[in-house]
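Asker: Listed below, chain by chain, are the residues.
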Amino acid sequence: MDAYAHEIILGFVALYMVFCIGVGLWAMKRTHTAGDFFVAGRGLGPWVVSLAVFSSTLSGFGFVGGPGLVYATGLSSMWMATVSALGFGIGYYLIAKRIRMIAELRDTVSLPDLVMARYDSNWARGLSALTILLGVIGYLATQILAMAMVLQSLLADTAMFAGISLAACAAISSAVLIFYCVTGGIIASVYTDLIQGFVMMVAGVLVVIAAIGVFDGGLGEASQILMDKDPESALPFGTMGPMAALSWFFLFGFGLSGQPHVTTKMMMNRRLSDNRIVVPITVIGYVLAALLWVSIGMVMRALVIGDMHAPLGAPDEAAPVFLREFANPILAGIVFAGLFAAIMSTADSFLNIGAAAIIHDIPKAIRGRSLTAELFWARAATIGLSIFATLFALYSFYENGALIGFLGVFGWGTFASALLPVVMFGLNWKRASARAAVAAIVAALAINIGFYLAGVRPPHGMDPGFVALLVSLTLFIIVSLLDKPKSLPKDIDRVLDL
Amino acid sequence: MRHIYLILGLLIVLLGIVAFVWEAPLTAGATGLPHATIDGMKVGGDAAARLDALGNAPYFMQLIVIALVAILYDFSLPAHRRIRAARVGFTLLALAAAAVWTAIWFGYRAAVGGDEPAIVLGFPWPSTVAIWGVWGSMLAFDLFYVWGFRRFILHADDEAAFAALVAEMKAERGEGA
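As you go down the protein sequences, you meet chains A and B in turn. Number 213 in the working numbering belongs to position 213 of the first sequence; there are no gaps in the numbering. Number 35 in the working numbering belongs to position 35 of the second sequence; there are no gaps in the numbering.
Calculated from the structure, these hints are not laboratory results. Don't take each hint at face value.
Stated by the list, open to error - Each computed DSS-like pair below joins lysine-lysine, with the alpha-carbon atoms no more than 30 angstroms apart:
#1 A:K364 with A:K490
#2 A:K486 with A:K430
#3 B:K170 with A:K364
#4 A:K484 with A:K364
#5 A:K229 with B:K170
#6 A:K486 with A:K364
#7 A:K430 with B:K170
#8 A:K484 with A:K430
#9 B:K170 with A:K490
#10 A:K29 with B:K170
#11 A:K490 with A:K430
#12 A:K430 with A:K364
#13 A:K29 with A:K486
Let's have the full structure, built from the sequences with the hints guiding it.
Answerer: If you want it as structure tokens, here you go:
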């Protein structure tokens with residue numbers, strides 16, 4: 001790559017990091033209470049909520065892992081991206097309205113708070129907080145590691161930082177992340193998400209245009225190459241086959257509403273009626289950003305399988321290699337900034353809910369009240385959690401690569417299978433019981449961990465999280481039906497009627 | 001109450017399909033085969049043999065998922081807002097989604113059976129339908145949410161009832177209205 005092109009890319013990334021620090025300082029002046037820190041005082045407008053919801057959903061996994069999966073397995077993983085319209089639909093039909101109502105009535109700042117308000121059970125609250133903490137550590141470590149690796153790959157090409165270590169890159173990335181999350185809490189997080197969302201949408205559209213230009217015949221020529229060399233990879237289910245693709249459709253579509261970093265943002269909008277505006281912006285924003293998922297993967301697979309490009313060292317190199325070799329340097333700069341945006345917007349959300357679990361939810365579940373001076377401890381927990389996740393990421397990378405992979409995968413499937421039934425049925429069905437909530441969480445944790453420990457992979461590519469989600473949804477209903485109906489607190493009872 | 005039994009019934013049928021698939025014979029390269037020379041890349045296995053083993057189980061599974069989505073959306077509405085327009089809308093949108101899915105499935109079966117699909121909008125026809133049709137058919141439910149927002153999601157009367165509830169709870173806690 002030309003030196004000037006590299007400098008342009010680094011310039012965009014540096015500019016973006018400076019912007020994040022600026023937002024942190026600005027947001028610090030608006031953060032006075034733990035409520036401001038965790039849910040922005042429920043005062044956010046629809047554009048901010050929309051872009052925060054979609055940008056925290058599409059993490060570095062979508063920007064790097066997505067194209068890598070298409071490169072490796074064809075269109076199988078496309079189902080994870082196209083299902084977004086279902087995911088947000090489930091979220092807004094079944095959860096968003098009542099979660100926001102209960103947040104206002106009970107002053108909830110986290111998902112376990114909501115679980116407590118709905119089920120009046122410290123077991124359900126404690127188990128949901130524990131699930132969140134377990135998932136957050138893995139997710140956060142994965143995001144920090146991804147950020148460090150991308151930064152290292154960018155800096156390694158410069159004369160000054162040619163030998164920079166992964167640990168140093170992890171420290172730089174985490175420092176920026178910690179700074180704006182600690183100073184500005186969720187306010188900094190969602191306002192950076194707003195910009196991050198715009199950057200991701202622009203990047204998605206521009207990348208598709210660049211991808212179309214790689215072959216004279218556009219994406220059609222890329223598809224034709226795949227149809228000639230390996231037809232199944234260009235067909236709707238890719239090389240993994242229909243059951244893998246459909247299990248991802250179910251897990252990612254239904255499971256989105258079990259992701260605490262997404263549902264927590266549904267508590268933050270200023271007015272209930274804003275949901276009407278939030279839905280289309282979120283759905284369309286996500287799909288624009290996700291366009292690069294399929295297009296980069298397809299083009300790189302066609303180039304390599306058609307002997308027009310050397311094989312990649314690893315599938316996850318698909319996006320970085322495409323950007324370096326086929327995109328205009330300014331576009332590459334925007335997309336690399338978008339990549340950091342995608343990773344950071346997810347990481348900051350996890351830091352926020354992880355800190356809430358540590359200083360708010362778990363103490364409340366154990367001793368019935370949260371810590372005093374919550375804002376101070378929220379900031380301290382954010383720093384502690386970031387440092388722990390960074391060290392864990394580095395340890396896993398150097399010492400035990402399987403561990404971080406496990407926790408990363410464990411995150412989405414566990415959140416979905418453990419938390420979705422609890423939230424979705426709890427907000428729509430008066431008979432949903434606390435015992436059912438505990439049973440669903442325990443079953444989901446047991447199945448997800450059990451599959452991993454036993455080394456069992458469901459056949460035909462079905463995702464373990466999909467099986468766990470189906471079981472926990474079914475179990476939740478059966479246990480609730482078997483349980484003796486209990487009367488609900490007046491406010492919750494009336495919310496479920498609205 | 002009927003909704004929850006329908007939802008439970010559909011979930012049990014889905015579990016039954018999963019059990020059937022679990023027991024279906026695994027064919028060579030059921031989830032792809034490593035590329036002979038390119039590290040990290042998989043190529044398709046024997047798709048026709050895989051389809052013989054699975055039959056139309058994936059097709060029926062996805063039809064049930066679509067029905068589940070429509071029933072869950074109706075289930076989410078307040079009981080007094082489950083109006084005819086909402087029911088008709090959910091039913092029609094579910095039928096449209098099922099039609100899209102049917103086109104994808106049978107297009108895929110035909111391609112696996114040897115028919116060369118046309119390239120449309122940059123992808124083989126069944127894939128184009130999968131990319132835009134699956135997203136589009138679920139987007140239609142989301143747009144229906146926007147259209148029906150004041151009719152059955154958050155009617156102005158319900159919004160006022162919620163405001164009254166907030167005021168009442170604040171008064172009970174001694175915070176003033």
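Asker: Regarding the pair K430 (chain A) and K364 (chain A), is the alpha-carbon distance no greater than 30 angstroms?
Answerer: holds, 24 angstroms
Asker: Run the distance test for K484 (chain A) versus K364 (chain A): straight-line Cα separation, threshold 30 angstroms.
Answerer: holds, 26 angstroms
Asker: Tell me if the straight-line CA distance from K229 (chain A) to K170 (chain B) falls inside 30 angstroms.
Answerer: violated, 68 angstroms
Asker: Below or equal to 30 angstroms on CA atoms is what counts here, so check K170 (chain B) against K490 (chain A).
Answerer: holds, 13 angstroms
Asker: Does the structure keep K170 (chain B) and K364 (chain A) at a Cα separation of 30 angstroms or less?
Answerer: Given that 30 angstroms is the threshold and the Cα spacing comes to 23 angstroms, the pair holds.
Asker: Next pair to validate is K486 (chain A) with K430 (chain A); report whether the Cα-Cα distance is within 30 angstroms.
Answerer: holds, 9 angstroms
Asker: Holds or violated: K486 (chain A) with K364 (chain A), Cα cutoff 30 angstroms?
Answerer: holds, 23 angstroms
Asker: Has the given pair, K29 (chain A) with K170 (chain B), been kept, meaning a C-alpha gap of at most 30 angstroms?
Answerer: Cα-Cα ~29 angstroms, so holds.
Asker: Does K490 (chain A) lie within 30 angstroms of K364 (chain A) when you go C-alpha to C-alpha?
Answerer: holds, 22 angstroms
Asker: Decide if the proposed pair is consistent with the structure: K490 (chain A) and K430 (chain A), CA atoms, cutoff 30 angstroms inclusive.
Answerer: Holds, because 12 angstroms separates the two Cα atoms, which is no more than 30 angstroms.
Asker: Has the given pair, K484 (chain A) with K430 (chain A), been kept, meaning a C-alpha gap of at most 30 angstroms?
Answerer: holds, 12 angstroms
Asker: Next pair to validate is K430 (chain A) with K170 (chain B); report whether the Cα-Cα distance is within 30 angstroms.
Answerer: Satisfied, since the Cα-Cα distance of roughly 23 angstroms is no more than 30 angstroms.
Hint check: violations occur at hints 5, 13; the rest are consistent with the structure.
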